[in-house]
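Engineer: Heads up: the protein sequence lines correspond to chains A and B, in order.
Sequential numbering from 1 applies to the first sequence in the numbering used here.
Sequential numbering from 1 applies to the second sequence in the numbering used here.
Worth flagging that the hints you see were computed from the coordinates, not collected in a lab.
Just so you know, even glycine gets a beta-carbon here, dropped at the ideal spot from N, CA and C.
A couple of the hints might just be wrong.
[To be verified] Keeping only pairs whose Cα atoms sit at most 25 Å apart, straight-line, the calculated SDA-like set for lysine to any residue is:
id	chain 1	residue 1	chain 2	residue 2
1	B	Lys59	A	Asp176
2	B	Lys59	A	Ser221
3	B	Lys59	A	Pro190
4	B	Lys59	A	Pro166
5	B	Lys59	A	Glu168
6	B	Lys59	A	Leu13
7	B	Lys59	A	Leu165
8	B	Lys245	B	Met261
9	B	Lys245	B	Val141
10	B	Lys59	A	Trp181
[Said to hold, decoys possible] Cβ-to-Cβ under 7 Å is the rule here; a few derived chain B residues that face chain A:
id	residue
11	Phe67
12	Pro82
13	Tyr85
14	Ile87
15	Arg113
16	Ala298
17	Ala300
18	Phe316
19	Ile327
20	Leu329
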Amino acid sequence: MTRLQRSPWLRWLCTLAAAGALVVVLFPVYAVIVGSFESTQTLFSGTYYWLPHAPTLDNYRTVVNAQSGNVLTSLIVGVGTALLSLVVAVPAAYALSKYRLRLTVVLVSSLLVCQIVPSIVLATSLFVVFHWTHLLNSYPGLIIADGTYAIPFSILVLRAFFFSLPNEVMQAARVDGASEWQTFRRIVVPLARSAVITVAVFAFLNGWGDFIFALTVLNGSGIQPITLGIYTYLGNYSTDWGAVMASAAFAMVPAGVLLVVAQRYIATGLTAGSVKG
Amino acid sequence: MAQGGRRGRGGEEVAPAQAAVGPAAPGQGGALVVAGATAPAARSGAPSGHVQHMTAWRKRRIAGWLFLTPAIAYILFAFALPIVYNIMLSFEETSPATIAHFTAPFAGLANYRYVLGDPTSQAAIVHTFEFTAGSLFGQFVIGFALALLFTLRFPGRTLARSLIIVPWLLPLIVTGVIFKFLFQVEGGAVNQLLFDIGIAQHPVDWLDNPHLALWTVLIANIWLGVPFFTLLLYSALQDVPVEVKEAALMDGAGPWQRLRMVIVPIILPVIEVTLLLGFVFTVKVFDLVVGLTGGGPANATQLITTWSYNLSFQQFNFGQGAALNNILLVLAMICAPLYLLLSRGSLNASSGAGK
Chain A
1 MTRLQRSPWL RWLCTLAAAG ALVVVLFPVY AVIVGSFEST QTLFSGTYYW LPHAPTLDNY
61 RTVVNAQSGN VLTSLIVGVG TALLSLVVAV PAAYALSKYR LRLTVVLVSS LLVCQIVPSI
121 VLATSLFVVF HWTHLLNSYP GLIIADGTYA IPFSILVLRA FFFSLPNEVM QAARVDGASE
181 WQTFRRIVVP LARSAVITVA VFAFLNGWGD FIFALTVLNG SGIQPITLGI YTYLGNYSTD
241 WGAVMASAAF AMVPAGVLLV VAQRYIATGL TAGSVKG
Chain B
1 MAQGGRRGRG GEEVAPAQAA VGPAAPGQGG ALVVAGATAP AARSGAPSGH VQHMTAWRKR
61 RIAGWLFLTP AIAYILFAFA LPIVYNIMLS FEETSPATIA HFTAPFAGLA NYRYVLGDPT
121 SQAAIVHTFE FTAGSLFGQF VIGFALALLF TLRFPGRTLA RSLIIVPWLL PLIVTGVIFK
181 FLFQVEGGAV NQLLFDIGIA QHPVDWLDNP HLALWTVLIA NIWLGVPFFT LLLYSALQDV
241 PVEVKEAALM DGAGPWQRLR MVIVPIILPV IEVTLLLGFV FTVKVFDLVV GLTGGGPANA
301 TQLITTWSYN LSFQQFNFGQ GAALNNILLV LAMICAPLYL LLSRGSLNAS SGAGK
């Protein structure tokens, strides 16, 4: 490796290899963006055009009318999932790292096991349970279901972070007469800001991108997130590719924005054993 | 600010530092929590007398449980209840009418007998195995190769590393739909490429041919999962001490030997956790297949997840769907003990190396 680093030729060869990998990784995203500006004629011409062929805004005109409500729904669900995850996970992670409770090992183990449970297993039962508890077709129902992706992960990531917090910080607050809640609220949470943002970003992306729970616990008219909106464009025999590409472009926006704005948090979250799906 | 912090510490420093936490994070199991919490309790107890110590200690314990209450309630409602209810459903003779009543007549093992004898369910189980094995193999080989590439110094590597994670951030249904678009018979980018460079004269029916469709889904899933493998393995590679690599170089070990005899053994715990997590993700893949093929053609890409959805939500046989779910759950849980064990093991490794 050290030898490689000295030779400029080999270094550029590495750059070339990485560029090749990036082309494969990013091409589908490029194809969506280009495709979203193509006319129906171009998309159904039987030829794939590598560069924009005859750009038009038609697809976006169709989609803005049909999907803007769905985008709003997805935003509500994403933000709701992030908030629910924080409310549940931050105090729990704190308790599981800084308090000596008898069930800590059991709870942490069960969180690990929760991460393994496939969503379809939960979706089947939650459909009936929600039917029973009148949570079908509701925001709270969908947000609770989407929390199953984010909450175990959030607790585990935040817990790892809280371990790095010196106990002296809390000791000092207690000595100053702060209650347990005040210590948590005023001292611990502000110190955990970066971990909290990481967890919130991932919970948001989970809620925004969820499809399986939207497909099962919504099961009807009314609330429809963008992921479900895209799905309804897929026909068995004919697909309106222009509309699909434009709504897919919308669905990719948060990932793009967060990659630019919150890149540091995303890298942290990914390596912290990210769980998806 | 995020950018500044990142660059200031030198791109490669941030990720690996987190990575030590990475796969280990889930496992920061009992060991650390005990070590972390005993100290302050003992310290605060000593100076302030026995009675006071007891009340302070009790107050803290109650606070701890209050902090945990929302999480426990959530786990009981969103995980424990559905799992238990799923087991109940699988032994019941359900119909669209019974769903409203929460319980249905007891059916014994009828649902399991049906599911295990049903050719489509059998095919779905086989496909799930093939799909999982193929995905893990492809993701690991490509992910590891890219991780090794990123350990070398070359122009543009920081940018490349931050962009490589894009597939992991997209909604899975979007990925499914994009690949459906790219793999179309006519007007699909993949066939166009094969035609333009002269490999294929006739368009390949990637998604309509029952013999090819599962391979196409596999390609899409590998594309999707490579970033995760790359990032975790890259982080682990960053943690291999330079001295170890140099010592191996001094001893005259070639690149392949260094990789096999020195580097792989050191990062083996991370490799194991990564494969395990990869297994867990892949076994539950649903959105991607629904977007790409819907389980077709002729059930050629039907997985346990998609067929279970079909049984429950399209045929309204919730009992049969639940039975298939439980088979999937058992399959996924096979790795649970291993996961718990590995999480604990890599905890010790990381706390030693990291701090």
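Engineer: Per the CB criterion, is B/Tyr85 less than 7 Å away from chain A?
Structural biologist: holds, 4 Å
Engineer: Let me know if the C-beta of B/Ile327 comes in closer than 7 Å to any C-beta of chain A, holds or violated.
Structural biologist: Given a least distance of 10 Å, the restraint on B/Ile327 is violated.
Engineer: For the hint on B/Ala300, just tell me whether its beta-carbon gets within less than 7 Å of chain A.
Structural biologist: violated, 15 Å
Engineer: Hey, B/Lys245 versus B/Val141, does the alpha-carbon distance stay inside 25 Å?
Structural biologist: holds, 21 Å
Engineer: Under 7 Å is the threshold here; is the Cβ of B/Leu329 close enough to any Cβ of chain A for the hint to stand?
Structural biologist: holds, 5 Å
Engineer: Are the Cα positions of B/Lys59 and A/Ser221 separated by 25 Å at most?
Structural biologist: Judged against 25 Å, a Cα distance of about 49 Å means the pair is violated.
Engineer: Between B/Lys59 and A/Pro166, is the straight-line Cα distance small enough, at 25 Å or below?
Structural biologist: Roughly 21 Å separates the two Cα atoms, so the pair holds.
Engineer: Does the CB of B/Ala298 sit less than 7 Å away from some CB of chain A?
Structural biologist: violated, 13 Å
Engineer: For the hint on B/Phe67, just tell me whether its beta-carbon gets within less than 7 Å of chain A.
Structural biologist: holds, 4 Å
Engineer: Starting from B/Lys59, check that the Cα of A/Asp176 is at most 25 Å away, please.
Structural biologist: holds, 16 Å
Engineer: Would you check whether B/Phe316 satisfies its interface hint, that is, whether its CB is within less than 7 Å of any CB in chain A?
Structural biologist: violated, 11 Å
Engineer: B/Ile87 was flagged as interface toward chain A. Is the shortest Cβ-Cβ separation under 7 Å?
Structural biologist: violated, 9 Å
Hint check: violations occur at hints 2, 6, 14, 15, 16, 17, 18 and 19; the rest are consistent with the structure.
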